[in-house]
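Number of protein chains: 2
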Amino acid sequence: MEIEKILSGIIKKNENKILLIVMDGVGGLPHPETGLTELESAKKPNLDKLAKSGMCGLSIPVLPGITPGSGPAHISLFGYDPIQHQIGRGVLEVCGIGMEMNRDDIAIRGNFATIDENHIVTDRRAGRIPTDENKKIVQKIQENIKEIKNIQIIVQTVKEHRLAILLRGKGLSPFVSENDPQKEGLKIKKIVPLNDDAIFTAEVLNEFVDRVEKILKGMDTKAKTILLRGFSKIPDIDSFEKRYLLKPVCIASYPMYKGLAKIVGMDVIQGLDTIDDEISALHKLYDEYDFFYLHYKKTDSAGEDGDFNKKISAIEEFDEKISKIMHLKFDVICVTGDHSTPCVLKGHSWHPVPLVIVSKNIMPDDVETFTERACSRGLLGTIPAKDIMYILLASAMKFEKFGA
Amino acid sequence: MEIEKILSGIIKKNENKILLIVMDGVGGLPHPETGLTELESAKKPNLDKLAKSGMCGLSIPVLPGITPGSGPAHISLFGYDPIQHQIGRGVLEVCGIGMEMNRDDIAIRGNFATIDENHIVTDRRAGRIPTDENKKIVQKIQENIKEIKNIQIIVQTVKEHRLAILLRGKGLSPFVSENDPQKEGLKIKKIVPLNDDAIFTAEVLNEFVDRVEKILKGMDTKAKTILLRGFSKIPDIDSFEKRYLLKPVCIASYPMYKGLAKIVGMDVIQGLDTIDDEISALHKLYDEYDFFYLHYKKTDSAGEDGDFNKKISAIEEFDEKISKIMHLKFDVICVTGDHSTPCVLKGHSWHPVPLVIVSKNIMPDDVETFTERACSRGLLGTIPAKDIMYILLASAMKFEKFGA
Chain A
441 MEIEKILSGI
451 IKKNENKILL
461 IVMDGVGGLP
471 HPETGLTELE
481 SAKKPNLDKL
491 AKSGMCGLSI
501 PVLPGITPGS
511 GPAHISLFGY
521 DPIQHQIGRG
531 VLEVCGIGME
541 MNRDDIAIRG
551 NFATIDENHI
561 VTDRRAGRIP
571 TDENKKIVQK
581 IQENIKEIKN
591 IQIIVQTVKE
601 HRLAILLRGK
611 GLSPFVSEND
621 PQKEGLKIKK
631 IVPLNDDAIF
641 TAEVLNEFVD
651 RVEKILKGMD
661 TKAKTILLRG
671 FSKIPDIDSF
681 EKRYLLKPVC
691 IASYPMYKGL
701 AKIVGMDVIQ
711 GLDTIDDEIS
721 ALHKLYDEYD
731 FFYLHYKKTD
741 SAGEDGDFNK
751 KISAIEEFDE
761 KISKIMHLKF
771 DVICVTGDHS
781 TPCVLKGHSW
791 HPVPLVIVSK
801 NIMPDDVETF
811 TERACSRGLL
821 GTIPAKDIMY
831 ILLASAMKFE
841 KFGA
Chain B
441 MEIEKILSGI
451 IKKNENKILL
461 IVMDGVGGLP
471 HPETGLTELE
481 SAKKPNLDKL
491 AKSGMCGLSI
501 PVLPGITPGS
511 GPAHISLFGY
521 DPIQHQIGRG
531 VLEVCGIGME
541 MNRDDIAIRG
551 NFATIDENHI
561 VTDRRAGRIP
571 TDENKKIVQK
581 IQENIKEIKN
591 IQIIVQTVKE
601 HRLAILLRGK
611 GLSPFVSEND
621 PQKEGLKIKK
631 IVPLNDDAIF
641 TAEVLNEFVD
651 RVEKILKGMD
661 TKAKTILLRG
671 FSKIPDIDSF
681 EKRYLLKPVC
691 IASYPMYKGL
701 AKIVGMDVIQ
711 GLDTIDDEIS
721 ALHKLYDEYD
731 FFYLHYKKTD
741 SAGEDGDFNK
751 KISAIEEFDE
761 KISKIMHLKF
771 DVICVTGDHS
781 TPCVLKGHSW
791 HPVPLVIVSK
801 NIMPDDVETF
811 TERACSRGLL
821 GTIPAKDIMY
831 ILLASAMKFE
841 KFGA
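Going line by line, the protein sequences match chains A and B.
Everything in the first sequence is counted per this note's numbering, starting at 441 for the first residue and increasing by one.
Everything in the second sequence is counted per this note's numbering, starting at 441 for the first residue and increasing by one.
Some hints here could point you the wrong way.
For chains that are exact copies, the list does not tell them apart, and a pair is met inside one copy or across any two.
[As the list claims (entries may be wrong)] No farther apart than 27 Å at their CA atoms in a straight line, the calculated lysine-lysine pairs in the DSSO-like style are these:
#1 Lys-738 to Lys-445
#2 Lys-610 to Lys-453
#3 Lys-445 to Lys-673
#4 Lys-841 to Lys-673
#5 Lys-483 to Lys-800
#6 Lys-623 to Lys-841
Since the hints were derived computationally from the structure, they do not count as laboratory data.
This is chain A alone, in the form it adopts within the complex (with noise of 0.2 Å):
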């Protein structure tokens, strides 16, 4: 990112206080019936009156056209370049399901699958067995597998077939190739090294996997092996603290959104199930923080199922918290989703996503609502979301004049 190449020189630190709420999967298509969206279906007043007061836009999570997951699509709203700071699989893996994970683990996605006596996979999600028994394999391998060559082996369930596997010492790579034949009626490979570095990981993993077939012959369940991928550490990426001089801090109840705040360096508070409890602890730690990541999921959630007046519900409800936040000084506030989630297409989409940005450094313009087709008539235009951050530090007033 150009930016990068001049940020250092120009960010300041200051008292300014900024909050930025992601509506997870904002973002809509109109329902077929009415023609209006999910956000312009739903009584919204409190998102109404900011897009009144404030400078609205629409942001493109990535690129055009490309539907992100939540893990580029909130690298973004961070401010960094999501192709360039591509997050591994097992990382999101692992921070989907909140293991702690360090900064030189290894993170690793693991199936289940059904071998027969030949090693030839016969169902790669051995049946997709029950998650309960999922659990029970996964405490199994944990009793009987804890080291392997000095190397901690942390496993742990995330549902179905799928579970997250942590590699923790001295000497690890994730240059590594999958074990996983990709179709069934092949045989299971061995993990190679792709580079001298990795040689000892792949040790350590083909020992793993045999460790672990011989725990599963014993066990009454289709799973036989485990077929292992998206080997990944940590990206090396600036923190929050470094990059912007800010102390950030993570307000969010789901996993992955925590584990995405901590890869960039925010304090992450544990134990927040509801918005209610959200907004409590941004109450709670206001003082403490000059940066305020808040996560609200339910908008995604209703979108994926693809249930129209949940989505509104979920939209509603939310509004009606926006007015326990108001009373809060907060020198700027963006509102603004990852990502879009259509409930006509049940999943993430490309479609840009409304945004909007109260300060009383930013210029209103003549947008009354919040909906997507309102926003785009805004003065921010339609932006890459990876631009926000930028716009929310000056309005912040934390960066000095570029040049003389």
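Starting from the structure of chain A, add chain B where the hints point.
Just chain B now, with coordinates in the frame of chain A:
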């Protein structure tokens, strides 16, 4: 381009069909008397219907302020960076007259010129000899020179003093100097290799010029030599099939556009003379392809002529034809131009080009008519032309999610 770093990881094949309609040079500027552009003056109910149901915007062909030729303008529309993938002048000349070109051929633009007995160039255009005279000379050259040092030589008239030359064979390189002294009164230059790989090519070309001069000596014409420039090969560019997993077809009547489509690996339909031929072809080929590039030339020609009424008629003629397309089921339809050709400028221009995308997966906006000013208020905003292709692919659901 950033997207090239992730494209192969997210592109997927499906059954959905995309139709890209290029109304060449469709963008215009206001008539001095009416204050209305060509599009604003035309009656075009079908284009307006598309604008009403679709998502509109403007596209910048190459970069703000840059007027493109047809080459870079189309390369952009096809989703490639037009600055990174520049197409040589020789290749464009050859495309423009519909010569068949292979991947290792060297294409060259030639001018007949007049020289005196001391090889001083006295007229760089040989008095702009008539095209018929050019054809006679070219025929004689082709009869007498079929190959040099095992390199096949193919010559073809362009018009007036201009011709195109192809070298076909082993060991050729485009890295040779021109022999054009650029000014009259100077001696014609020897062609010299610009690196060691081009020594052989320079020898072939110098012998070619010598032999052409000998042939021309005996003829009653002002053409006494041949100036050569624009040496180029087909750019090494991923095909649509490789890059987008598409099966694309070009439906165009002019050689230039067929040549450009061939460069990106489209199947090119020959023998189409009119827009009616093109629309019949579209119907006939509907089942066989999943990407259709349909080119309409008359809007550009009228703009080049500076004939405002003719351009209005061209728009209205095409508008009527659109009704014959609409009952075909395309999942995504895009209508735009490759660039603007305002009648008041009598040529290509840098002005952003109106754009509409119709698909059930887009967000319709409030734009009600397909004009420059109306589309500028559309939800797509003003975007680089090279991004359009990715929005079309996204709307056709041809992308997997990027990241998790």
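Verification of the supplied hints:
With identical chains, the CA atoms of Lys-738 and Lys-445 are never at most 27 Å apart, being 37 Å at best within one copy and 32 Å at best between copies. Neither within a single protomer nor between protomers do Lys-610 and Lys-453 lie at most 27 Å apart by alpha-carbon distance, with minima of 37 Å and 43 Å respectively. Taking identical chains as interchangeable, the C-alpha atoms of Lys-445 and Lys-673 lie at most 27 Å apart whether they share a chain (25 Å) or sit on different chains (20 Å). With identical chains, the CA atoms of Lys-841 and Lys-673 are at most 27 Å apart between copies only, with a shortest distance of 21 Å across copies and 36 Å within one.
Taking identical chains as interchangeable, the C-alpha atoms of Lys-483 and Lys-800 lie at most 27 Å apart whether they share a chain (26 Å) or sit on different chains (26 Å). In this assembly of identical chains, the alpha carbons of Lys-623 and Lys-841 lie at most 27 Å apart only when taken from different copies (21 Å versus 57 Å within one copy).
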